[in-house]
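Protein chains in written order, with the numbering used here: chain F, 1 to 298; chain V, 1 to 296.
Calculated from the structure, these hints are not laboratory results. Just so we're clear, the structure is a prediction, and the values are computed from it rather than from any experiment. Ideal Cβ placement from N, Cα and C applies to all residues, glycine included. Keep in mind that the hints are not guaranteed to be accurate.
Unchecked claim - Computed from the model, here is a short list of chain F residues facing chain V with C-beta under 7 Å: (1) K109; (2) T177; (3) T184; (4) Q185.
Stated by the list, open to error - Computed footprint of chain F on chain V, listed as stretches where at least three residues anywhere in the stretch have a Cβ under 8 Å from a Cβ of chain F: (5) 155 to 166; (6) 236 to 250.
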Amino acid sequence: MAAAAVRALLRPARARAPARFLLPPAPPSAGARHCAAGSQFQYIMVQKKGTKQNIGVIQLNRPKALNALCDGLMNEMKVALDLFENDPQVGAIVITGNEKAFAAGADIKEMQNSTFQECYRSNFLAGWNRVSTVRKPVIAAVNGYALGGGCELAMMCDIIYAGEKAQFGQPEILLGTIPGSGGTQRLTRAVGKSLAMEMVLTGDRISAQEAKEAGLVSKIFPVEKLLEEAISCGEKIAGNSKLVVAIAKEAVNAAFETTLSEGNKTEKRLFYATFATDDRKEGMTAFVEKRKANFKDH
Amino acid sequence: MWERPEPEGGEKPGCCAGKEELPEHLSWPSAWWQKGSQFQYIMVQKKGTKQNIGVIQLNRPKALNALCDGLMNEMKVALDLFENDPQVGAIVITGNEKAFAAGADIKEMQNSTFQECYRSNFLAGWNRVSTVRKPVIAAVNGYALGGGCELAMMCDIIYAGEKAQFGQPEILLGTIPGSGGTQRLTRAVGKSLAMEMVLTGDRISAQEAKEAGLVSKIFPVEKLLEEAISCGEKIAGNSKLVVAIAKEAVNAAFETTLSEGNKTEKRLFYATFATDDRKEGMTAFVEKRKANFKDH
Chain F
1 MAAAAVRALL RPARARAPAR FLLPPAPPSA GARHCAAGSQ FQYIMVQKKG
51 TKQNIGVIQL NRPKALNALC DGLMNEMKVA LDLFENDPQV GAIVITGNEK
101 AFAAGADIKE MQNSTFQECY RSNFLAGWNR VSTVRKPVIA AVNGYALGGG
151 CELAMMCDII YAGEKAQFGQ PEILLGTIPG SGGTQRLTRA VGKSLAMEMV
201 LTGDRISAQE AKEAGLVSKI FPVEKLLEEA ISCGEKIAGN SKLVVAIAKE
251 AVNAAFETTL SEGNKTEKRL FYATFATDDR KEGMTAFVEK RKANFKDH
Chain V
1 MWERPEPEGG EKPGCCAGKE ELPEHLSWPS AWWQKGSQFQ YIMVQKKGTK
51 QNIGVIQLNR PKALNALCDG LMNEMKVALD LFENDPQVGA IVITGNEKAF
101 AAGADIKEMQ NSTFQECYRS NFLAGWNRVS TVRKPVIAAV NGYALGGGCE
151 LAMMCDIIYA GEKAQFGQPE ILLGTIPGSG GTQRLTRAVG KSLAMEMVLT
201 GDRISAQEAK EAGLVSKIFP VEKLLEEAIS CGEKIAGNSK LVVAIAKEAV
251 NAAFETTLSE GNKTEKRLFY ATFATDDRKE GMTAFVEKRK ANFKDH
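Required output: the full structure, derived from the provided sequences and hints.
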């Protein structure tokens with residue numbers, strides 16, 4: 001018995017988690033590699049946090065530009081998201097900026113001289129939506145400015161937590177353009193027509209409190225507590241079955257893609273599918289036996 | 001047999017029903033100033049420091065601005081005028097302090113049959129507000145009930161006075177909303193509140209409307225109109241061309257899936273790069289100066 005306990009302690013954590021979740025697992029060194037490669041990220045900082053090191057945290061790191069999104073940053077974001085998506089240890093992802101700005105827009109200089117032809121040919125901004133295709137849950141921890149592309153980035157995430165001083169806006173109209181990464185679609189679905197039209201047509205910002213009242217963000221925290229609270233939320237989610245969490249996220253997102261009847265059908269099929277999982281059986285058995293569930297992400 | 005029968009009492013819509021009626025020496029933008037006094041149910045003027053906000057005020061105070069065919073026809077004329085006036089950048093629709101519009105004229109439809117409604121395409125023309133390409137702000141003081149609430153919801157932005165009340169009381173008359181009330185209200189305030197309002201006929205206050213997401217701002221009664229005009233001026237200060245594109249993109253959110261809506265938005269976004277105003281706006285930003293939009 002004692003020997004088994006000692007062996008269990010010595011066994012590396014990763015080996016306990018079945019490597020079957022979603023995608024073929026990265027080679028064992030991937031987890032270490034990206035931390036070592038962290039210094040090769042120029043525009044973002046990437047680390048794992050949480051008591052179980054199971055929350056992937058991506059921090060935008062262009063402080064002089066108020067984290068304005070540029071192609072380089074979004075490419076690095078894609079790499080980091082792929083890393084976390086493939087890391088079986090990671091149960092949730094948090095994206096954040098600094099206290100002053102989450103991301104205060106896109107890099108205008110990059111697109112100042114673009115023509116329609118160049119935009120269309122190069123499929124401009126097409127790769128900026130990687131966040132919206134991540135299968136693991138993503139929480140945006142927004143302190144300070146989330147404007148234009150920054151607001152759109154936050155809205156691509158599943159959950160938005162805001163610091164008390166956060167401000168949200170779509171000021172593209174002031175530059176003679178319109179939101180190009182889902183702002184008109186996601187904002188309207190979140191806050192309703194009147195406020196969305198007001199924000200998109202005037203460029204005016206709303207506060208964290210207004211954003212919560214309108215349904216854009218679900219919680220507000222003091223500035224210095226925001227990131228730890230977002231990580232806590234991630235840890236709460238990561239304590240559930242990663243497999244079933246991904247299924248749940250897919251179901252919620254279907255609500256924006258189809259009619260209520262078809263969405264209910266989709267949900268039902270996904271619900272039935274959970275009965276093919278060990279985790280569903282373990283979860284319900286644990287409930288009946290009045291004990292804590294031990295999910296295996298399988 | 002498909003023509004709508006003449007309304008009882010021979011009440012004709014005020015002002016010019018069609019462009020053909022204008023004398024040759026008058027062009028449309030100047031014409032309506034001269035003909036302005038011929039509106040019977042509404043008052044129409046341009047406001048704002050640059051006279052670029054078209055204001056339509058419902059003017060049937062004895063009927064609490066109840067919407068009738070005549071009023072909606074005049075509204076259509078006024079909206080066409082503002083849509084075609086290159087000076088106008090935004091439109092504000094308002095009532096008086098007591099009522100925005102307290103419903104539709106029940107006497108007009110009291111004796112209608114299903115056949116007459118269907119043949120005449122009853123209320124079909126009442127949605128002109130929802131097809132306007134320029135931004136429209138509803139400044140709602142007092143009652144916005146039934147057709148009045150639906151009229152406000154056709155607008156892009158709703159500003160409410162502190163005493164405003166919104167409701168869809170059609171159920172109390174044995175009918176249902178017929179100009180988008182069940183669709184726009186539900187999308188704005190969610191199922192539970194929309195069902196409650198539509199099935200009971202109960203009203204909600206301005207504060208409840210803001211909390212529910214139906215209106216975006218509340219102002220003191222006497223400040224409402226000037227604030228709505230201010231909002232219009234803020235919008236009119238941007239490129240009129242790009243504002244219309246932005247409005248089209250936001251409205252697409254109600255017509256299609258999120259994925260398709262994102263595609264639509266992307267195509268419209270690319271299209272703005274074909275405009276001079278987009279180049280001017282971004283260049284002004286980089287050069288840290290005020291943009292000088294030309295609506296082109």
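Structure-based check of all given hints:
Using the Cβ-Cβ criterion of 7 Å, the hint placing K109 of chain F at the interface with chain V is satisfied: the shortest such distance is roughly 6 Å. Among the interface hints, the one on T177 of chain F holds; its C-beta lies about 4 Å from the nearest C-beta in chain V, closer than the 7 Å criterion. Using the Cβ-Cβ criterion of 7 Å, the hint placing T184 of chain F at the interface with chain V is satisfied: the shortest such distance is roughly 4 Å. The interface hint given for Q185 of chain F holds, since its Cβ lies 4 Å from the closest Cβ of chain V, which is under the 7 Å cut-off.
For the region 155 to 166 of chain V, the assignment as covered by chain F holds, since 3 residues bring a beta-carbon within under 8 Å of that chain's beta-carbons and 3 suffice. Look at the region 236 to 250 of chain V against chain F: 9 of its residues bring a Cβ nearer than 8 Å to a Cβ of that chain, three or more, so the hint holds.
Checked against the numbered hints above, the structure breaks none of them.
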